[in-house]
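Engineer: Here are the chains, one letter per residue:
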Amino acid sequence: MPDQTSRSPRPRKAAKKRIVSNAVRATAIAAAGVPGLFLDSTAIPPPATRPLKAYAFDPSLGHFIGNEMTIEVKYEKLLPGPVGRKVAVIDYDGANKCFYKPVDLDDPSLLIRGGLAPSESDPRFHQQMVYAVVSDTVQHFEAALGRRIRWRRGIDRLNLYPHAMISANAAYSPSAQGILFGYFRASDQDPGRNLPGQTVFTCLSHDIIVHETTHAVLDGIRTHFSERTNPDVPAFHEAFADLAALFRHFSHKTALLDTIAKTGGLLYRYHLQPESGVSSEDGVKIQAQLAQVNPLIGLAQQFGEARGTGKALRSALSEEPDPKKILDPKLEPHQRGAIMVSAVFDAYFTIYLRRTADLFRLYRANGAGTNTMEVSGSLANLLAEQASRTAEIFFQICVRAIDYCPPVDITFGDFLRAVITADRDLHPEDKDGIRDAFMQAFRLRGMLPADAEFFSEDALCWPRIQPKSLPAVDGLVFGDPNGLTREEKDINGPLLRAYAKKNAGRLGFWPDLPVEVPSFHPAFRISPDGRLRVDMVIEMVQQYDTPFDPNRPELGTFPMRAGCTVLVAKPSIVDDEYAGAEIRYLIQKKVDADYGGTREQTQRQYTLSQGLLEGNDPKRFSIDFNMLHGGI
Amino acid sequence: MSPRKTAKKVARKSGASTKKSAKKSSKPTAAAKKTIARKTVARKTVAKRLGTDGAAESGTGLRVRMYRVGFGDFFLVTVPTAAGDKFILIDCGVFKGKTGKGDIGSINEAVEDLFKTTNGELALVIMTHRHADHIAGFNKAEDLFRKFTASQVWMPYWEQFNDDKDSAHSLQFEIEQLAMELALRFRGREDDESKEALAMLEDATGIDFNATSAGPKKLSGNALALDILKNHLGAKGKKVRYYAAGDEPELPEELDGLSAVILGPPPKDAQVFMKLEDLKKGVGQYLDSTSAEDGSALRPFREQWTITADEAYPQVDLRDRPINYHDVIQHVARAQPSMLADAAKKVDDFLNNQSLVVLFKFAGKSLLFVGDAQAGNWEHWLYEADAPSSDPTKLGSIKDESQQILRTIDFYKVGHHGSTNATPIQAVEALSAGRKGDGFVAMCSTQPDVYGNPLKGTEVPRDPLMEALGGECDLVRSDAYAINTVANGTIEPGEGVPKPPKLRNLVKGDLYVEYSF
Chain A
-3 MPDQTSRSPR PRKAAKKRIV SNAVRATAIA AAGVPGLFLD STAIPPPATR PLKAYAFDPS
57 LGHFIGNEMT IEVKYEKLLP GPVGRKVAVI DYDGANKCFY KPVDLDDPSL LIRGGLAPSE
117 SDPRFHQQMV YAVVSDTVQH FEAALGRRIR WRRGIDRLNL YPHAMISANA AYSPSAQGIL
177 FGYFRASDQD PGRNLPGQTV FTCLSHDIIV HETTHAVLDG IRTHFSERTN PDVPAFHEAF
237 ADLAALFRHF SHKTALLDTI AKTGGLLYRY HLQPESGVSS EDGVKIQAQL AQVNPLIGLA
297 QQFGEARGTG KALRSALSEE PDPKKILDPK LEPHQRGAIM VSAVFDAYFT IYLRRTADLF
357 RLYRANGAGT NTMEVSGSLA NLLAEQASRT AEIFFQICVR AIDYCPPVDI TFGDFLRAVI
417 TADRDLHPED KDGIRDAFMQ AFRLRGMLPA DAEFFSEDAL CWPRIQPKSL PAVDGLVFGD
477 PNGLTREEKD INGPLLRAYA KKNAGRLGFW PDLPVEVPSF HPAFRISPDG RLRVDMVIEM
537 VQQYDTPFDP NRPELGTFPM RAGCTVLVAK PSIVDDEYAG AEIRYLIQKK VDADYGGTRE
597 QTQRQYTLSQ GLLEGNDPKR FSIDFNMLHG GI
Chain B
8 MSPRKTAKKV ARKSGASTKK SAKKSSKPTA AAKKTIARKT VARKTVAKRL GTDGAAESGT
68 GLRVRMYRVG FGDFFLVTVP TAAGDKFILI DCGVFKGKTG KGDIGSINEA VEDLFKTTNG
128 ELALVIMTHR HADHIAGFNK AEDLFRKFTA SQVWMPYWEQ FNDDKDSAHS LQFEIEQLAM
188 ELALRFRGRE DDESKEALAM LEDATGIDFN ATSAGPKKLS GNALALDILK NHLGAKGKKV
248 RYYAAGDEPE LPEELDGLSA VILGPPPKDA QVFMKLEDLK KGVGQYLDST SAEDGSALRP
308 FREQWTITAD EAYPQVDLRD RPINYHDVIQ HVARAQPSML ADAAKKVDDF LNNQSLVVLF
368 KFAGKSLLFV GDAQAGNWEH WLYEADAPSS DPTKLGSIKD ESQQILRTID FYKVGHHGST
428 NATPIQAVEA LSAGRKGDGF VAMCSTQPDV YGNPLKGTEV PRDPLMEALG GECDLVRSDA
488 YAINTVANGT IEPGEGVPKP PKLRNLVKGD LYVEYSF
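Those protein sequences? They're chains A and B, same order as listed.
Read in order, the letters of the first sequence correspond to residues -3 to 628 in the working numbering.
Read in order, the letters of the second sequence correspond to residues 8 to 524 in the working numbering.
Heads up, a few of these hints could be off.
Straight-line distance between alpha carbons at most 27 Å, and here's what the computed BS3-like set of lysine-lysine pairs gives [stated by the list, open to error]:
(1) Lys326/A <-> Lys406/B
(2) Lys275/B <-> Lys326/A
(3) Lys406/B <-> Lys202/B
(4) Lys108/B <-> Lys93/A
Incomplete in silico selection of chain A near chain B, CB under 7 Å [as the list claims (entries may be wrong)]:
(5) Tyr71
(6) Leu75
(7) Arg81
(8) Tyr88
(9) Lys97
(10) Pro119
(11) His159
(12) Ile162
(13) Ser169
(14) Tyr264
(15) Leu509
(16) Val513
(17) Ser515
By construction, these hints were calculated from the structure, which means they are not laboratory data.
Built from N, CA and C at the ideal position, the CB exists for glycine as well.
Working from the sequences, and respecting the hints, build out all of it.
Structural biologist: As structure tokens, then:
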């Protein structure tokens, strides 16, 4: 009440007349004429995007419908290279030790036609395509994560080298602060659709660019995911990169429509229906009768064929689900990762079919046979829309799950738990059964969480933290969707480190060793009810050295890490003040006797099996993407 | 003056006098030849003298001699039979390695000594595998080896596919091509990794890539060594036997009382253990794709597209900070060689894993010679596994049979010159607890500072392994002994090498140490 009593008398007290003098009037009029206050209507508004041409798949598909696409890249001023703020293309050839002429995308004659037309022989198109696809991929990650992404610490601009090396490989390399793309000669014997011995560029494969960019993005979000502590870690990096590349396929409308037409809407089919049928007594005679491979579910077609394998590098649905396969210790990371990729795509196609079932029913009710491959134009449009929207949702689910993964030592089971938790957090109701589809697909392939009690949604979700059981993180600054300013970061950093130190034991760390906070970032998401959800995602990590063999200290040590991902919700305002910021989730990799001991043993064995006992260069524990068996 | 002293004095003197001429040509001068003759007489006396108050009194008469040649293996086993001493030569090679310090320049004299000792008559010659550090002696001392005869030559099973150029397995041909191409890329690079990779390739081919830019026109290097082994000693293959694990070897008749068991390499049906049974697929494919049709490096664009960074690239970025292109070049350059090095390492591992692993038994003594066998080779005979394991939990159980062998051997030839990758920890553990001083001897022919990097823990020999082995048995390292050569004088022990153990049955010659069982 005191407020109102003190305020109310004021207007009455200032009851004198409000007259604007002529002099004031004159200055006000003059001020209105000052240019620059409002957007001048005669100026050209800055463009939101920059259209750039690129291959939708790779050059080997030629002018197949939809192979050439235009990517709308968020507009930024570019220097020749192109060199932008977040990425820079620098065309240095490490094998021939020379630079190639850079493309100037701000050149008016290129601006007017959306960049250079696709060409294998012009390095400037290569630079343009790499820039376009990397920027596009980054934008998608930013949209899904609800924040700007950053590269790994120490890299503020990612360098892209379209022709870095002669090798059938491309690799993200933190030490080279960028992505190296190789080029090589196609196989002489069985080059697929390539000319025997032609030069094949990995930087022209849309899939390979997205794949490598994803490695870089993931490495920026989760530093320790590039430390091989168990067989799932390198495999996860690969699987995640493949998922990102594959889901991008479904955002490409033209190719999608064509594939729908040729698969009768059953997008998961490995082969497309030939344009012209083949009769029983008359075999294939013309190219239109050849069954093409479904480009949507295959990765890096040209690359695979050029290596002489005759098929795409990897496929989303490569084989029948088999729960035993994952147990095979001989699987190399890509093969292991492929199991997770096929699980996610199993879930995706299940949901796609579920969502389009009614469309098919209506279509058939209208007189179409049950087995027909013919799909009418309007049905194809509806199907394409479902397919691409579902793909977008799945991509978001997978990306958001990263924030719910432990910061170290990830396993496929952890990822499944993160997916379920992240999705349920935002969409408590699961109308289409997406989460169930995920769970079943993972279970069919034997990827089970090690520490969940039951295989049900409830049990798979990471446990919520009992309110008030951990002290509130007082003073945490959440910033806004633009990110955090330097000043705000300087508040949060020491605050979180102090918090971690004080509560080390309860967070699952050794109390007497330092705890690092490698990253914290606010995530902004809009829940289906329209509310803005703000969380701070914090990584806390502790490192300690463990001997390979406690009885033989001379054999050296390997680094063990404890870690937890902490999700702190931005508190609501109570009585005009923020309540303390409560921790909602604590996703841990602990070091305590039971769990930590098992983990230590697993990591020791894995480390030994990888031959890491030999040597003492600390870098050897990190994944070298370049060496990962033909990278890609 | 005792004969021993005379010998040393002579050696030292001649060493000093021939040093200059030796540098000009590796062939001994006429004067030096004379000294060799005198010296050999002296040497025999030395050995005899030590022998009478040493081994011969109670032992079986079985002896293992390790010549000190540097980084390489050169072993002679003497088997006493009713018809006198018979000889088994196991490998004869040396390699200069990454640092160039591997070849200490004694191998020719060592082969001369071998000739004197055996009179050029060998009952059995074993080539464990085709690396220069195991066969270079055959080509370096080609003329002398042409005077030797052998009753049998043993080679690893995988070797038989290597010569026929028409077969899919003409490995030597493939390796040479592969190595030449890899070398093309490594040459001129100064970083450590490249040097090591280049050394591996030279070891695999026996070709000095820095010396010759042209391809091998006539037989040289390893190809020549193999020619001597297969065609001369092996009588055009008639006396050559190829063995793999599980084969029952046929021993020359004169080696009466000796038996042998072949433990490695893995046979054809266990080729998963060889990791890279098809080199062409594993490494060659990578190389195929990297060069243009004429073998030159692939150029993706025509000359007109090349430019310098100063000419065309922005010098400052959008935040007005300078862009350092020198760093860019360094970054890209540093990311390059790892894959090439990986390819070179694959060739190296593949050949090492071909190693013939032989267990000899004679008069109750067991002697294990493992060549340079690495993981795949060991795993196959050591563990109960039907495939190589990347999960070492499964490596826990060593086969009873293998454990039995390891526990009861009296001699172990340390694999791969003491590198960690060639003696698994589990094997060291199985090698017996507390048998040190109980007549269990290991010999390791090596030379420090040739390969690897102690900072990275990859040095050969690996110190922790040497210590661990030294704790289990009496470890005799070739580089712990000074030797006396005519051409190069006295060669001191390797720097930092621990003092050799004092063993009653160990005899030291001018160029070797010999243990009697």
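Engineer: Could you check the structure against the hints above and give me the numbers of any it violates, in ascending order?
Structural biologist: Checked against the structure, the hints that fail are numbers 3, 4, 5, 14, 15, 16 and 17, while the rest are satisfied.
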